[in-house]
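Chains as they are written, first to last, in the working numbering: chain A, 1 to 922; chain B, 923 to 1220.
Note that these hints are calculated values from the structure, not bench results.
Beta carbons are placed, not taken as given, at the ideal position from N, Cα and C, and that holds for glycine.
Please note that a few of the clues may not be correct.
[To be verified] With a Cα cut of at most 27 angstroms, we get these calculated DSSO-like pairs of lysine-lysine: (1) 111(A) / 169(A); (2) 138(A) / 35(A); (3) 1159(B) / 35(A); (4) 1175(B) / 35(A); (5) 206(A) / 90(A); (6) 90(A) / 138(A); (7) 90(A) / 35(A); (8) 431(A) / 383(A); (9) 35(A) / 1146(B).
[What the hints assert, rightly or not] Here are the simulated distance ranges between beta carbons: (10) 59(A) / 1180(B): 55 to 63 angstroms; (11) 59(A) / 1118(B): 46 to 54 angstroms; (12) 621(A) / 1082(B): 34 to 42 angstroms; (13) 1173(B) / 11(A): 57 to 65 angstroms; (14) 919(A) / 1082(B): 28 to 36 angstroms.
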Amino acid sequence: MIGPIGFLSPWLLAALLALPILWILLRAVPPAPIKRNFPAVALLLGLRDRETTPDRTPWWLLLLRILAIAAAIIAFAGPVLNPTDRIAGKGPLLIGMDASWASAQSWAVRKEKLGSVLSQAEQDGRPVQLVMWSDLPKSDFASSFTTAPAWASRLDAMVPNAWAPDYPKWTAALETVDVNDIIWFSDGIDHVGKLDFLRTLNARGKVQVLQNETSVYAVTPLATADGTLKTTVLRLDGTTPATLSLSAIGPDPAGIRRRLSKADVEFAIGETTATATFDLPTELRNRVRQVSLDNVASAGAVTITDDGIQRRKVALLSGVREEEGNDLLSPLHFLRKALVTTAEVIEADLGDALLASPDVIILADVGALSEFETEAVTEWVSKGGTLLRFAGPRLIASGIGQLEPHPLLPVRLRAGGRTVGGAMSWGKPRKLRMFDQDSPFFGLTIPDDVSVKSQVVAQPDPDLAERVLAALEDGTPLVTAKPLGEGRVILFHVTASSRWSTLPLSGLFVQMLERLAISARAAALEESELLGLTWTPVEYLDAFGVLRDAQTLQGVVGADLATGQVSNEVRPGLYENGERAVAMNVIAANATLSKTPWPLGTSIAGMERPEEQDLKAWFLMAALGLLMIDIFATLVLGGKMNMRKGAGLAVMVIGLSILPATTIDAQPTDDKAALLAANNTVLAYVLTGNARVDEVSRAGLTGISAELFRRTNIEPVPPVGVTPGVDDISLYPFLFWPMSEDQSIPTVKAVDAVNAYLRNGGFIMFDTRDAHLSDSFGGATPNGRKLRQIAGRLDIPRLEPVPQDHVLTRTFYLLEAFPGRHLGRNVWVEAAPEDAAQIEGVPFRNLNDGVTPVLIGGNDWASAWAINDQGRHVFPVGRGSSGELQREYAIRFGVNVLMYVMTGNYKSDQVHVPALLDRLGQ
Amino acid sequence: MIEIAAKNASDLRSQSEGLAAGFPALLARAQQMAATMSIGAHGRRRAGQGEEFWQYRPAADGDPAHTIDWRRSAQSDQQFVRQMEWQSAQSVNFWIDPGAAMDFASVDGADTKAERAQTLGLALAILLSKGGERVGLMQNPEPPKQGEVQIGRLALSLAMATNAPDYAVPPNKLLPTGSQAVFLSDFLGDWDAMLVALSKAADQNVRGCLVQILDPQELSFPFKGRTIFQSMQGSVKFETLRANALRDEYLDKLARRSDSLRALARETGWQYHRHVTDTPAQSALLWLYGALDAGARA
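With the rest of the complex left out, here is chain A (with noise of 0.2 angstroms):
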C-alpha cells in the first residue's frame, strides 16, 4: 500500500530497482547517428574528431524513456486504488453488528461492506456467525456457524432495528463461542455497557471494529414551552457546522399525513446539541404527530408525540350566574384551576362556545338546555365531542332525564337524589370504592379525605352496570359514561365545587379529568400512571424512522413502558389505552449522544471507502503516451522530422487517441418520433398543410402499410406524416409527397434536408394526383407547375419514363403498367446510364447501379391504397371488377416500390444468378 494505492504483485516493483541500471545502459549508448544529405561533405574529408567521446541522449530523453519503463512496471504490478482492506484470518469469524437506530442512517454503507466481508470469508472459507447485537441472542447461535454465501444470501433481508444493542445479554451468550476473529459494525454512540462489552469479545478472540464517519443525528420528544413545541436536536459529530431541517409532521384536516410546519437548526463548529421550536397555532400544534430530521432515516431522528402536547380545547359552563367574591363557591372553579394549565379554556355561552369547535363541553350543574340546544350539543357530540356534565341542584331541579332517559345524561337519574353524612343525615359521607379493572381509572390511588356528602342516584336500568366508570363503597356510581355517536356524555354525579363532595379539592380530580382526555397531562407519564394497565401499540417505528402499523405487535405492560427505553419487547411507537396514548420515542427527553471512547489498542478500521478502481490502465497508458512522445522526439533528434511539424503531429496523436469519439450532430429532432422511426419500419408522407390531402396520403399509407405487412416481410408500424426541415426525415426509408396546389414552397432549410436525404440514399415518391391530364411530366395542372417548382429547388438526377426492363417492373410483382387511381402514362425514374447495355440472353439491359431516389407519377396512388380506420377502401378506383383489378395493381405496384426502396436493385443482381450457379458448378 502506498496512499491509497495498493499493488496486485507488488514484489514486480522490484524491477524498478533495475532503472538506475538501465539509465546508465542508456546513457553509455549513443544515439543513433543521424545521416545527412550535405552537399559540402568533399570538404569535411580529411578531418578529424578531435574528441572521441560520442554525443549523448539528452537526459530528458533518457528520462522519458525511463518513466515510460517505470510506468509499464507499476502497471503490471497492477495498481489498484482504493483496494478494499482484506480482513484476513483464519478459523471462525464473528460478525456482530450493533444494528442500532443509529446503524440505520448509513445500513446501505454497512450492508455493502458486510457484503465485501462476507465475500472475503468466503475466499478464505472460515465459518462466519453473523449477529446483530441489537437481537436477543439465540440459544443456538453458537454452534450455527455457517458459510459466507449463506450469510450474503441473507444480506437483503437483514434490517437494522430500532433500539439499541443489548450487549449485557450477548455477554452472556458469548461464552460458549470459540472464535478466532470478531469484527464489530459498531453504530459510534456509546451505549451502556459498551466498553465491558469490548473486553468481552477481546477475551474471545481478535476484534476488528469498523464504524463509519457519518454523524449521527438524533431528535429528542417534544415539550411543550411557552405556548410552542420545542425540541432539541444532537449530534454525535461536532467538528463541523450543519444546518439541517425538522419537519413537523400530522394530519391535515383530510386526515392524510404531510408536513405541518418547517424549523431549521443550525449547529456552530463544536456544538452537538441544537434546539428546534415550532411555534404553531393550537389547531396545528394538536395535529402534531411526529417530528422528524429532513433526509436522516433513522428512528433516533424522529420523535412522535403522544397526547402529551395536545391541548384541548374546553368550554366551561355553568348554570349559575358567576357571583362576585365567592369564587371558592363557584361551581367552575375548581375545575378552571384544573384546566387552565393544560388545556385552552374558553368561557362563553353555549351558541358562541359550540361556534368554537370545542372538544369538550363541561356542563356544571346546568339543567335542561333549550331544544335547539340540546340538538346542537348531541351532534356536536355525535361528531366526537365530549360532554362532561356534573349534577348539583338545577340539575336535580330541572327534572330531565328522570322519566325517560335524555339524550345528553348517561343514565336516568331519580328524582330528588340523596344527601348523606349531612347534618340531618344518619349515615357518614361515603368513600370512593376502588376503581374496576376495566375502568379507565383504574390504577389510581384514592385519598383517604375523598368523601361524597350529596349526589344524584342513577335510576337503575339494566344498561346501567356497564355504564358506571366509578362508584361509591356501596355501590352507587358516582360517575356514568355513554356514548353518543362518536362522542360520549359523562356525568359526575357529584357537584363540580365542594358542596357536595371533596372530590374536586383532591389530586384525584385532576387525574381523573386527565384520564378521561379531558385534560393533558403537563409532564412525562408518571410512573404510577402506567403500571398496572397493558398498553396497545398502535403503530410502531422501525429503524429507518417510518412508522408502521402495529397490527401484530402484543400489547406492553405498564410496567416496561415505565422504564422508558425501548428495547426488543418494547418497541418505540404509540401505544394506547383506552382514551389514552403514550408515545415511546428512541430518544429520551434527556438523552445525550457520545462518541464510544475506544481503548487505545482497538483496531477500527472506517467504513466508507471510495470504490476500488483498478489503474493498470492508466499506467499502460501513460507508458504508451511517453513512448509515443519518445519517438517523435527521436524523430525530430535524428532529424527525420522538423521540429514543428514533429510536435503538431504529436499533438494530433495523442490527442486522437485520447479524444473520445464525438458524433456529428443530426438534426434536432423528437427523440420518442425517431425512437419509433429509428426502430421500426416506418414509412412517411409529407405534410401539405392541405388536411384533406394529408389525411389521403394517412389513409393511403396505412393501406399499403397493411397490404405489406400481409404479402411481405416488411412490417411497417403506422405512417407518420413529417415537415422536411422540421423533423428528421433521415430516419426514414420512404417518403410520399403528394402535391397540393396551395402547399408552399419548402424553405431553405428543408431543400437542404431533402437533398441530403436523398444523396443519402432516401427515396421521395412524387405524385401530382393529375393522372397527367398534359402529355408531359409536371404540364400544365396546377400540381404540376407546384411540383416543377418544388422539384426545381431539389437535387433531382435527370429522369426518363420507367423502362420495360426496370427493377421496379419485377421487385416483388411483374408489372407492366404503374396505375394508381388514375392510369397516367408514365412514371418518371432517374434516368439510366446512357452505356447500359443488354446482355444476350438477358431480357434487360444490366442496371445494376443506381438506385433512383426519386419516382414521378401522377396516378393518385394514395388514394387507390388509402383505406379507413375498418380496412374498407375509401376511394373507388375505376367501375366494377376491371377497377378493382386496377386497384389490385395498384397495391402491387405499391408493393413493388416499397419492395424497391428496401432492397434496392437486388432482383437486378439475380440476372446474374445462373452465372454465378454455372460457375459454381465448375
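Please arrange chain B on chain A, whose structure you already have, making use of the hints.
Using the frame of chain A, we list chain B on its own:
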C-alpha cells in the same frame, strides 16, 4: 548507379518528361527575372557594322558613292559618310553545374542551388539574347546562337539534364577567342579537377565570371552530435561523433576554397562572386550582368 542501370527506357522517358515539365517553369522564372532588368546596348564604341548611328565622317577617296549620306551632305559643301556603330555579337558560354551536389536546399520549399543556378543562368541568357548576344551551354557541342529558339533550347537541355554524378567539372570545350564564359557552380568538388578545367577555359583567351552558389547551411554548418554526412548521390560519406567540433575547421576549409577561386579569377582576369541561395537572385543577376557588360566594354 545501380539504380540508374535498373531503369529501363520507359522509366527514363517518364522521368525525363517529369523533369521537362519543369522547363516552362524554369523559362518563365528566368524570363520574369530578366524582365526586371533593362536592356543595355553592347556597342563597341567604334564605327562598323551595326544598326545604331555612330557618326558622320567626311567622305574620303575610295568611299563608294552609295555610302554618302546625301541629306547630311546637302547641309554643307562637304560630302559625309554616315557611319554606324560596330555592333558585333558576343558569344557567351554558360556552364551550369549539373552535379547532384547542386540539388540541395536546406530549407524545404526554398530554391535548391541547382534551381538558383539554372534560373540565374537562363535569365542572364535571355537578357543577353535580347541584347543581341549569342548564348550557349558548354555541355552542348553546338556553338552559341542567338534568339528565342536558342533560349528555348537552353532551357530544355537544362531541364532535361539528369543523373549527374555528385560533383561535375566543366567540360573541355573549345571556346571562341574573345568570347565570354559564365560558370555557375558551388565549386565544392575535387579542387584539382576543377582547377584544370577552369585553367583550360581561361587559357583560351576567354574572359568570364565564376559564381559560387552556396546553401546557407553550407556556410553556417549548424550541425551537432553524431552525424553521417553524405553527398547527394551517396558517393562520399563522412561520419563524425561530434559534428559541432568540426565546424571551425570546415568553415576554414570553405574559406580557403573561396580564396582559391578568387585568386584563380584574379590571375586569369576573371571575376568571382559568391551567391547564397537565401539572398534574392536579382542581386546575383545584377552583378553578373554588370560583370559581363564591363567585360564587353573593356
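Ascending list of hint numbers which this structure does not respect: 2, 7, 8, 10, 12 and 14
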